[in-house]
Amino acid sequence: MLPALAVVGGVIILPWVFTLWMSVNEWRIGGAAHRFVGLENFARLLGDARFLDSLWRTLLYTGLSVVAPLVLGTLAALLFEKKLPMRGLLRGIFVMPMMATPVAIALVWTMMFHPQLGVLNFLLSLIGLEPQDWVFSPATVIPSLVLVETWQWTPLVMLIVLGGLASLPQDPYESAQIDGASAWQRFRYLTLPMISPFLLVAVTIRMIDALKSFDIIYAITQGGPGTASETINLYLYTVAFTYYEVGYGSAIALVFFALIIALSMLLLHLRQKSALLAGGLK
Amino acid sequence: MSRVLEKLGLWACALLLVSPALLFFLWMISLSLKFEIDNGAYPPILIPDRFAWKNYLGVFESNSFLLYFWNSCVVTGAATLLALLVGVPAGYGIARMRADKAAIIIMIARMTPGLSFLIPMFLLFQWLGLLGTLVPQIIIHLVVTVPIVIWIMIGYFETTPVDLEEAARIDGASPWQIFLRVTLPLARPGIVVSFILALIFSWNNFVFGIVLAGRETRTLPVAVYNMLSFEQVSWGPLAAAALVVTLPVLLLTVLAQRQIVAGLTAGAVKGG
Chain A
1 MLPALAVVGG VIILPWVFTL WMSVNEWRIG GAAHRFVGLE NFARLLGDAR FLDSLWRTLL
61 YTGLSVVAPL VLGTLAALLF EKKLPMRGLL RGIFVMPMMA TPVAIALVWT MMFHPQLGVL
121 NFLLSLIGLE PQDWVFSPAT VIPSLVLVET WQWTPLVMLI VLGGLASLPQ DPYESAQIDG
181 ASAWQRFRYL TLPMISPFLL VAVTIRMIDA LKSFDIIYAI TQGGPGTASE TINLYLYTVA
241 FTYYEVGYGS AIALVFFALI IALSMLLLHL RQKSALLAGG LK
Chain B
1001 MSRVLEKLGL WACALLLVSP ALLFFLWMIS LSLKFEIDNG AYPPILIPDR FAWKNYLGVF
1061 ESNSFLLYFW NSCVVTGAAT LLALLVGVPA GYGIARMRAD KAAIIIMIAR MTPGLSFLIP
1121 MFLLFQWLGL LGTLVPQIII HLVVTVPIVI WIMIGYFETT PVDLEEAARI DGASPWQIFL
1181 RVTLPLARPG IVVSFILALI FSWNNFVFGI VLAGRETRTL PVAVYNMLSF EQVSWGPLAA
1241 AALVVTLPVL LLTVLAQRQI VAGLTAGAVK GG
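One line per chain: the protein sequences are A and B, in this order. According to the numbering used here, the first sequence is numbered sequentially starting from 1. According to the numbering used here, the second sequence is numbered sequentially starting from 1001.
In short, the hints are calculated from the structure, not lab data. Keep in mind it's a predicted model, so treat the numbers as computed, not measured. Note that CB positions come from ideal geometry on N, CA and C, so glycine has one too. Careful: at least some of the hints might be erroneous.
Stated by the list, open to error - Away from chain B, derived, C-beta distances all over 12 Å, residues of chain A: (1) Val-37; (2) Leu-46; (3) Gly-63; (4) Gly-128; (5) Gln-132; (6) Pro-169; (7) Gln-170; (8) Ala-176; (9) Arg-188; (10) Pro-225.
What the hints assert, rightly or not - DEER-style ranges, computed between Cβ atoms: (11) Pro-1175(B) x Glu-174(A): 47 to 53 Å; (12) Leu-192(A) x Cys-1013(B): 17 to 23 Å; (13) Gly-1077(B) x Ala-33(A): 35 to 41 Å; (14) Glu-1061(B) x Trp-56(A): 44 to 50 Å; (15) Ile-127(A) x Cys-1073(B): 42 to 48 Å; (16) Lys-1054(B) x Ala-6(A): 49 to 55 Å; (17) Leu-1057(B) x Tyr-243(A): 39 to 45 Å.
What the hints assert, rightly or not - Going by beta-carbon spacing under 8 Å, a handful of chain B positions derived as facing chain A: (18) Phe-1025; (19) Gly-1040; (20) Thr-1246; (21) Thr-1253.
This is chain A alone, in the form it adopts within the complex:
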């Protein structure tokens, strides 16, 4: 057991200690020897417009990439809970996007987004809509990437909510049926409150993954056009592995990590609050 835990410590904890050390140094690969600068890297972040832009962009991207899969995934779970012919096959196809290799998917989406030859603009024309520039215009690049993210990760929300639905007791539904509650009332006043812990788990996981999203964005836009889709993770990559400023990059990594932890704690806090509220109502 101990050697196993030691390996875990070596792979997970050691890099963190090293990152902390680098973040208080001016450190460039191939540049002059590193030099201790204290908190200078963190101070530099506050005045770095490109970093601050990427921060807001990340929050926007994350917000959209949580809400859309949450709504669609819950709907999908309600549907997949019903006994349907070929349900297994349908579910199998439905979960494929999240297991497929992201880069491979991204390449095909790039072709589909193509303004002249892409199939998406053709589909739009079928329902009488104007062609779009999708990922090729700063105005539409974020929603377009969120579309891919939603397509990819709605199945995960569906699976989590489906697990929640399977654990629900049947009795309240029987009494609601006797009392003549409509389907919407049953969902709103029975199902929704009972699956809310599962929804919160889905939101938390979705949020963490959306904040960290890299493969799809990098492979489709590399953060472009310009920096219109550059999230923190993309900026971190550029600073550390294009400019080779690993000291400054480590500082960004730490702030980014703190952001993820803080937002996750916030959700956890909400959960306790809602548990308290529920307890108070009883």
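Fit chain B to the known structure of chain A by using the hints.
Using the frame of chain A, we list chain B on its own:
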């Protein structure tokens, strides 16, 4: 009658819901089987008059493809097996000792962006002179695979009864014997689930490869991305390559759907 209508309605809804995934993969196949002239046609053609099998032949005939395929197999295979070797006992230890702090560390590892592991590891590998080999990628893929295995195994060991282990202990078995002869066989379904998920997320990983891989050490996701950026490749061959890269994972998803669903909902883990 209304019963039948309701069934039909539900089925139509389900079909509508599945169609973005279904149509996407059909379109991917279509792109990969068309000649350039058909891929550039407007309105787009779903099923062409003639199939461009040469797109696939091209993928397999380029000698570097086999190298990259082999690299992917080595990196994913080694990272997954090492993760099982380390992660199963670690998960067992954490579950049995109720070491919640250790569990939190694993949770935090899952929350950490992969790139922040990459900066210190990159420097380390540079100092050690390992950058031209596959070793750095194997080690850094552990960052993805180890937490997946531990996380799923903790959940699994927590639900398996300790009674049998107790009985073995009373019969005088050593802790190591108990683990090998009693616990491990009981945990086989959990091990299978974590093996499959670790395999998929390691195979799919892209970000570690673009930093750590050189020309000779690319894995398939990196190789297929490089096709896009460095060569003027037309859509057909590119889609064919993309499909070949992701096909093993898609097949595994279909074959092991039950295990994957169980693993994802238990730990709800994803690497990267």
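Task: Hints violated by the structure (listed by number, smallest first) - done: none
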